[in-house]
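Listed here are the chains, written in short residue letters.
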Amino acid sequence: MAVYNQSRSNTIRLIVIITFVLIALQLFYLQLVDRRYEQLAMDNAVYPKVIYPERGIIYDRNGKAILNNTIIFDLMVTPAEAKGIDTLDFCRLLNIDTSEFRKRMLDAIVKNTSVRPSVFKAMLTKELQARFEENSWRFPGFNLVERPLRTYPYHAAAHILGYIREADKRDIERSNNFYRQGDYIGKTGLEAYYESVLMGQRGVQYMIKDNKNRLVGAYKGGEYDTAAIAGRSLRTHINIELQQLAEVLMSNKVGGLVAIDPKTGGILSMVSGPNYDPNDLSGSNGSKNFSRMQLDVSGPMLNRAIAGRYEPGSTYKPLGALIALNEKVVSASYGYPCGGRYTLCGHGKPECTHAGGGHAANVRLAIANSCNAYFTHIYRLTVDNPKYRNVYDGYLHWKEYMNAFGLGVRLGVDLPNENTGGIPDTVVYNRENAGRWTSCTNLTLGIGQDKMQTTPLQMANAMCIIANKGYYYTPHFVKEIEGEGPADEALLQPFQKRHNVLTNIPDVVFNEVIEGMSDVVKVGTARGAQIEGIEVCAKTGTAENYTILDRRRVKLPDNSMFVCFAPKENPRIAIAVFVQNAGFGATWAAPIARMMMEKYLVDTLTAKSKLDSARIASTNLIPSYFKRLQYKEDSIRAFKWFQVTKDSSYIDRFSWQQSRQGSSSPFRKNPADEQLPEWVTLLSATYLPERGIAKLKMFTT
Amino acid sequence: MRNNPAISKGIDWSLVWIYLALVLIGLSAIFAATYQEGDSVLQSFIAFKTDYSKQFYFWGVTLVIGFFILLTDSKFFPTTANFWYAIGIILLLLVFPFHSRIKGTESIIRIGAFNFQPAEFCKIFVALALAKYFSRPETNFNRPGSQFTAALLVLIPAGLAILQSETGLALVYFSFFLMMYREGLPSIIPTIGFAFAILIIASILIPPNILAVLLSVIAVLLIYFSRRQIRRRRQILTTVLFIWAIAVGIQRFAVPFMFEKVLQKHQVERIYNLFGKDNPYDPQQRVLSEDASKKKKESGSSYNVRQSKIAIGSGGFFGKGIFSATQTRYDFVPEQRTDFIFCTVGEGFGFLGSMLLLGLYLTLLLKMINIAERQRSTYSRVYAYSVLSVFFFHIAVNIAMTIGLAPVIGIPLPFISYGGTSLLTFTVLLAILIRLDADRQMVLR
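Those protein sequence lines, which keep their order, are chains A and B. The first sequence begins at 1 in this note's numbering and counts up one residue at a time. The second sequence begins at 1001 in this note's numbering and counts up one residue at a time.
Simulated from the structure, these hints should not be mistaken for lab results. Among these hints, one or two may not hold up.
Cut-off 30 Å, straight-line C-alpha distance, at most; resulting in silico cross-link-like pairs (DSSO-like, lysine-lysine) [as the list claims (entries may be wrong)]:
# : chain 1 : residue 1 : chain 2 : residue 2
1 : A       : LYS522    : A       : LYS263
2 : A       : LYS209    : B       : LYS1049
3 : A       : LYS111    : B       : LYS1265
4 : B       : LYS1049   : A       : LYS220
Across the chosen pairs, the derived CB separations fall in these ranges [unchecked claim]:
# : chain 1 : residue 1 : chain 2 : residue 2 : range
5 : A       : GLY217    : B       : GLY1359   : 27 to 37 Å
6 : B       : LEU1024   : A       : ASN135    : 26 to 36 Å
7 : A       : ILE96     : B       : PRO1207   : 56 to 66 Å
Note that this is a predicted model, so its numbers are computed, not measured. Glycine residues also receive a C-beta, built at the ideal position from the N, C-alpha and C atoms.
Given these sequences and hints, build the entire structure.
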């Protein structure tokens, strides 16, 4: 019967051949037509590993590294390989309990599977790292992986240097996806301003990975790899020792301090209070400290030296004198018969601390004694100058002077978020007074009040202009960039340009005012600022201020201010110190500035100065109303937290009624007087004094 | 068989060369898939440690066995065929009390260090027994009784394999129907089988209700256009209606029943994945596909096929070379030493290499048909066709599954895949064929 079916052998041949042709066609399609698979295979197996460059180092003027890099170690675990270790022993080594160990292992497996390494403990302390390294052979599957860390050997200059953090969505978008998830980016300070210099260039290492995403080797022997290029370093004008002293003096104070070398515009020191140790944001507790500081109402993250707006008060007076003298509305010998108050506007304001005795018999005396009536008057004479059509014109002319002094404009310091301060336009006064106002309306501008607002940096720069007799260099930190190229020139060029803003004022006029400022220290309001052998020119300032607290206008202690430059001949340093709610300018701001000058010009402090410094450093001048503000902020946050999560554990800490159960008193006690919960006080500025106390050792030893 | 010339007399050497070429390709593919940088090759051969060295030793053993088969008298095979078949069935039954307890390997008996899978090499015994049955003078394959007995010979081991959750191996037994087709299986049976297959595929691709309507429309149209014939012969109408009822019944009831109750979940999934669909009989998956149809979980088998296609597709024309084949070298393709070994060839040697391998296989298969047709005895011919059927099924399904043309069925690629049992089975199948072919002038019964 076989014979009958022989034809079927051909059918079978056909079936076989057709099947093979189908397979061949599919192979033809997969391997030759559809090129998608090549890319898919690349995506599958090749991992572009980003090699992060080291960020640039920042040096002070003497070549000391004030911002450096260090290596810190993360303890990584590959759970699949970490079998059979002595868990108990391991936990003892790391000071954790076994349930924590299990939890972390589980987290690692959930996050990255058991065959890929995950972080078991990030950023080991030096001690733990050493302990682990000794015992590492006993714990297979665990290993240490380097991670670069920013470190601040002098624990200083936090606001100047700024900080880096992982780039967020906005950073990535703004950079056109140049930055990627996981990249670090300078967020503020020099780190942000010189980001392009400091960041360096990322490298890429193409690695082959296997099906479980483990890296198993270099792709094509590293043929396509690019090396990372380290970030370049910055040499700054900062004098780190001076900076440290300034920070100590400003500890437990709210305000700003700026010291500039008038010859170059290089900033020697800049402090904003409250201050913090930059290492706090960099180490293993970085994120924790970061959020804690952000919740602090005293604003330790805010750089008040460039962004704090203060009425300059009497520190404005040398500028007022210069303008009036240059406009020739008064002469140097012009005197004003001040009887304790200014009466020409009818309301007897402002008052003056002195009365009679010829304390404003000429410009020099008026500056030395800081006569309010005198400067109010010459301000009015300046804006009511008959040279101009009316007060509006005169005012605008005065404002031009102010802007030339760098007030009410952005100076262009090499830090982000500089504030312009405020010299109002006539528009503001027109609006407020229905277009009808006279020099009497804003007469306190003459003593640096009304709507005049300046930053400490602006006032320090104004001192530079006086010290230089008419010109200034834009205040800046960076002197040079390592391996400077044409692209960097654009960064540094603005700082090399001399701004001859007020060189039209003759030197005699400057000398008159400088003499007056010199008298301030010799015979005037700031005799405490005298330094042996150095002629200091200065001006004190005390400004009243108010705040709204619990819907009431509360008068706060005065702001204490001091501006100065020294020595009188050939000035080398100009300083502005603003201490919020501290009292008279001569009491706090002046000695602070004096220590700074002494340190910078003489290099060592006398025994008496050291004692003074310790006294100033240990005095807590942080306004007490911050506590109340903090309490309100925290309780509001706790309430919002409760609204969102229905978790009442936080809000309970604020309900003082509950804490005193059974109290029949119908009167509510002021919560600000209550003992604040521990975590609230923790959030407020209380951790700052500890730092100050630690630094006192600097003087006692 | 008294002296040497007699042994080699009549042996078709081309088969031997093809065999050697395939085994060497297989060894190098296994080497490429499992060699790790820094392995000491010599060391691994001595230590019997790595897969390629193991496979090499297996090959040595199978060569010895194959050589002994070539020395055997051809008459030995028909005379002992029934005995071997009985042994095979007993071994398959022995699996049930003695199988390895490891999940997923219920078809394996372990003796010491050796794993041993009766369902795999029972194919040889079935082929021998079928040849024996067909070559009996009293067998008339045109009679349904004989057809039934022949089918039973195949379906018993197939059923036992299914009971051992080796659906893939069981399906191989169905390939014997190709041989039966050659031996005179009425055309109606493959036709029905084909129609059945189409119906099942259609019921996977088309929603049940729409398919039912479609079938009804086809039936109505058929009746309408053949109304003249129907008027003459009423029987046609009944036949059409009967077929319509069967078809709808299968599509509405039998297929869901099969997918839900008979086949295992992963098998149904593989079938659906082949057509790019989610398994609708898996309640979990149903929820998943409703909730997040876009983020659907890639199931195991579709992952395999995807990775396998990536590997093969990325090979290009010339391939990446054996050690630059990233996909296969770094374990992206699961089971790539065994069932997915073709990926290694496709990625490492590209379209060119794949075509060469396909060419070798095609030559082998066509050669087998030629050999079968030149046999004098029915026994040899039936056996040759059985071998052809088994090889064809293995090769076609294995390669088709790696390139996404067939569902994932875990069957090895002859002579290439890693695995001692499969290498031995195919070598023995081929060796017996060569032996029988050497005596093609003899009439064996």
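Cross-check of the supplied hints:
1. Proposed proximity of LYS522 of chain A and LYS263 of chain A is supported: the alpha carbons are some 25 Å apart, at most 30 Å.
2. With a C-alpha separation of about 25 Å, the suggested pair LYS209 of chain A and LYS1049 of chain B falls inside the 30 Å cut-off, and the hint holds.
3. Taking the CA atoms of LYS111 of chain A and LYS1265 of chain B, the gap is about 29 Å. The hint holds against a cut of 30 Å.
4. Only pairs whose Cα atoms come within 30 Å are accepted, and LYS1049 of chain B paired with LYS220 of chain A is accepted, the gap being roughly 28 Å.
5. Between GLY217 of chain A and GLY1359 of chain B the CB atoms are about 35 Å apart, so this pair conforms to the stated range of 27 to 37 Å.
6. Separation of LEU1024 of chain B from ASN135 of chain A is about 51 Å and departs from the stated range, judged on CB atoms against 26 to 36 Å.
7. Judged by the Cβ atoms, the range 56 to 66 Å given for ILE96 of chain A and PRO1207 of chain B holds: they are separated by roughly 57 Å.
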